[in-house]
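Let the sequences and hints guide you as you build the complete structure.
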Amino acid sequence: MLWMPYESSALPTEMGEWLLANQIPLLFGSILKRRGVTTPAQLEQLFHGTLADVTPSTAFGPQIFRGVERLRKAFVNKEKVVIVGDYDADGTTAAAVIMTVLNQLKPHYGFEVDYLIPDRFTEGYGLNDNNLPRLLAMNPQLVITVDCGVSSDAQIQNLKQKGIDTIVTDHHEPKQFFPKHAHAVIHPMVTDYPDPNICGCTVAYQFMKALWECNGKQAPKWVEEDLLDLVAVGTVCDIMPLQGDNRILVRIGMEKIMEGKRLAFKLMKERLGWKQVNANTLGFSIGPRINAAGRMKEADPVVHLLLSNDAAYCASILDELETRNNERKAAQEHVVEIGLKQAQQSPYRHLLAIIDDSFHEGVVGIAASKIMDQYYRPTFCLAKQDGVVKGSARSIEGVHLFQLMEKHQHLLGNKWGGHAAAAGMTFEDESLVEPFFKALDEELATYPSDVWQRINRWDASFSLNEIADLNRFFEVLTKLEPFGQGFPEITWAIRGTLLPGRMLKEDQKIGKLKHHSIEIPFAMWSGANRAEFHQEQTYYGQFQYSDYWKSMQIVPRWVD
Numbered sequence: 001m002l003w004m005p006y007e008s009s010a011l012p013t014e015m016g017e018w019l020l021a022n023q024i025p026l027l028f029g030s031i032l033k034r035r036g037v038t039t040p041a042q043l044e045q046l047f048h049g050t051l052a053d054v055t056p057s058t059a060f061g062p063q064i065f066r067g068v069e070r071l072r073k074a075f076v077n078k079e080k081v082v083i084v085g086d087y088d089a090d091g092t093t094a095a096a097v098i099m100t101v102l103n104q105l106k107p108h109y110g111f112e113v114d115y116l117i118p119d120r121f122t123e124g125y126g127l128n129d130n131n132l133p134r135l136l137a138m139n140p141q142l143v144i145t146v147d148c149g150v151s152s153d154a155q156i157q158n159l160k161q162k163g164i165d166t167i168v169t170d171h172h173e174p175k176q177f178f179p180k181h182a183h184a185v186i187h188p189m190v191t192d193y194p195d196p197n198i199c200g201c202t203v204a205y206q207f208m209k210a211l212w213e214c215n216g217k218q219a220p221k222w223v224e225e226d227l228l229d230l231v232a233v234g235t236v237c238d239i240m241p242l243q244g245d246n247r248i249l250v251r252i253g254m255e256k257i258m259e260g261k262r263l264a265f266k267l268m269k270e271r272l273g274w275k276q277v278n279a280n281t282l283g284f285s286i287g288p289r290i291n292a293a294g295r296m297k298e299a300d301p302v303v304h305l306l307l308s309n310d311a312a313y314c315a316s317i318l319d320e321l322e323t324r325n326n327e328r329k330a331a332q333e334h335v336v337e338i339g340l341k342q343a344q345q346s347p348y349r350h351l352l353a354i355i356d357d358s359f360h361e362g363v364v365g366i367a368a369s370k371i372m373d374q375y376y377r378p379t380f381c382l383a384k385q386d387g388v389v390k391g392s393a394r395s396i397e398g399v400h401l402f403q404l405m406e407k408h409q410h411l412l413g414n415k416w417g418g419h420a421a422a423a424g425m426t427f428e429d430e431s432l433v434e435p436f437f438k439a440l441d442e443e444l445a446t447y448p449s450d451v452w453q454r455i456n457r458w459d460a461s462f463s464l465n466e467i468a469d470l471n472r473f474f475e476v477l478t479k480l481e482p483f484g485q486g487f488p489e490i491t492w493a494i495r496g497t498l499l500p501g502r503m504l505k506e507d508q509k510i511g512k513l514k515h516h517s518i519e520i521p522f523a524m525w526s527g528a529n530r531a532e533f534h535q536e537q538t539y540y541g542q543f544q545y546s547d548y549w550k551s552m553q554i555v556p557r558w559v560d
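In the UniProt record's numbering, the protein residues as written are 1 to 560.
Any given hint could be a false lead.
[Said to hold, decoys possible] Pairs of lysine to aspartate or glutamate residues, derived as EDC-like cross-links and limited to a Cα-Cα distance of at most 16 Å, are as follows:
# : residue 1 : residue 2
1 : Lys297    : Glu322
2 : Lys297    : Asp119
3 : Lys269    : Glu255
4 : Lys33     : Glu489
5 : Lys269    : Glu322
Think of the hints as simulated: they come from the structure by calculation, not from any bench.
Note that this is a predicted model, so its numbers are computed, not measured.
Okay, structure coming up:
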């Protein structure tokens, strides 16, 4: 495994002065510069950002004013409003955001509100012809899409012909054009929204805030702050970059989850024993359980859970989600096992196309991520059933999936979509599968050779005794949460000697790392057979809080 340092350069003078004035070790300077934070204003927002720094909802421009006006008309006329969402964590949290607000306003105005989450297996993604009859049976007078709708103009036109208006709130890239027949399209790409890399849940959150902000008022605390637990989950689970607005919204959202105001997250915290909440908690603990609902069956129970204040009811749904998550793990392991075998015999040089009729379509996306991590190639994982091939793709840095697939959409048909890092697709004609992947492979062959080289890089190197104030160092490190997409965890190269500890498995060790007189907790969860006791070595990894040690520990990924 190749490990190299990032290239470093001199810090801007004003950046160095700000760090010194705020007692931030200069060691963090190049690390933050590499993550796009260089000016005093950016540093202030990073360390001290508040909701006042977040882009106002009115930045969505005329469309959000049209949306607010139409929704207020629905309130006054006591219409029935139906929310149509996606079945993943972003879509279900977005639906819960709007349902929370409208349920609160409903008694005052007397309108009706309900929601529809499409069934992944019988209806497919978003507002489409398969779920349109079910939607019409709910007798809506206004439809609001969340985390979907940008590619549903035909269905929106159908609704309009029946006298039903549609407000689209979405963040996905449109294939050709934004819906022409929607009453309003609230989307960061429609206007010059200054922070466009936001999730569907954030778009829904901004729409709800706009009910006040479009009238020059501040949204009440129960809207502006208390919904951010949902926004945080949607943002992290949809792999949005943790920069700008997203950082502030997720940081405050994590605090809300820890406060336990939403019963669903309070019960999760008690069951799973969280001592603190960070982006890993959202992405690897909350997210998989929420997503397991839509991956394995229908996702409606997730919205019920997020809205409910009935402890017994929430507990029963959490039991169901735990069961589905375990089923998801087993199905995922099956796909990965077969996928890794197929990858060894791939006919394509620059991508992997994993296809099998035994795959569960609800887990092919996460399986594609696992396989991609091992082979570092764009990976398409597809389930085949009755001549229909349906699946998901995950990509590497430097290969924009949406743009790549768009060039060859004549082989795809209409059932596909996504963004730079992930995509979904359905081949209704199985004979098009091989020509499609062959065309993509030929296209990828023109990419620069360095795209295919995975180099692991570390941010900074130091010995433990070089840190004058280790407590202040960890305090600053904690303030840099959340880490994730677009703001990755800091990888350190640390020289030290591993003291005798415990060997958990053949390649797992916990103990303490020592340099001179300083000792720090250590936990290596893979590759620890390379770590030798009583021998000074260089470890590459991250600092993470340990519930076991009740302090920060170094978690190496590799050792030389």
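Indices of hints not satisfied (ascending)
none
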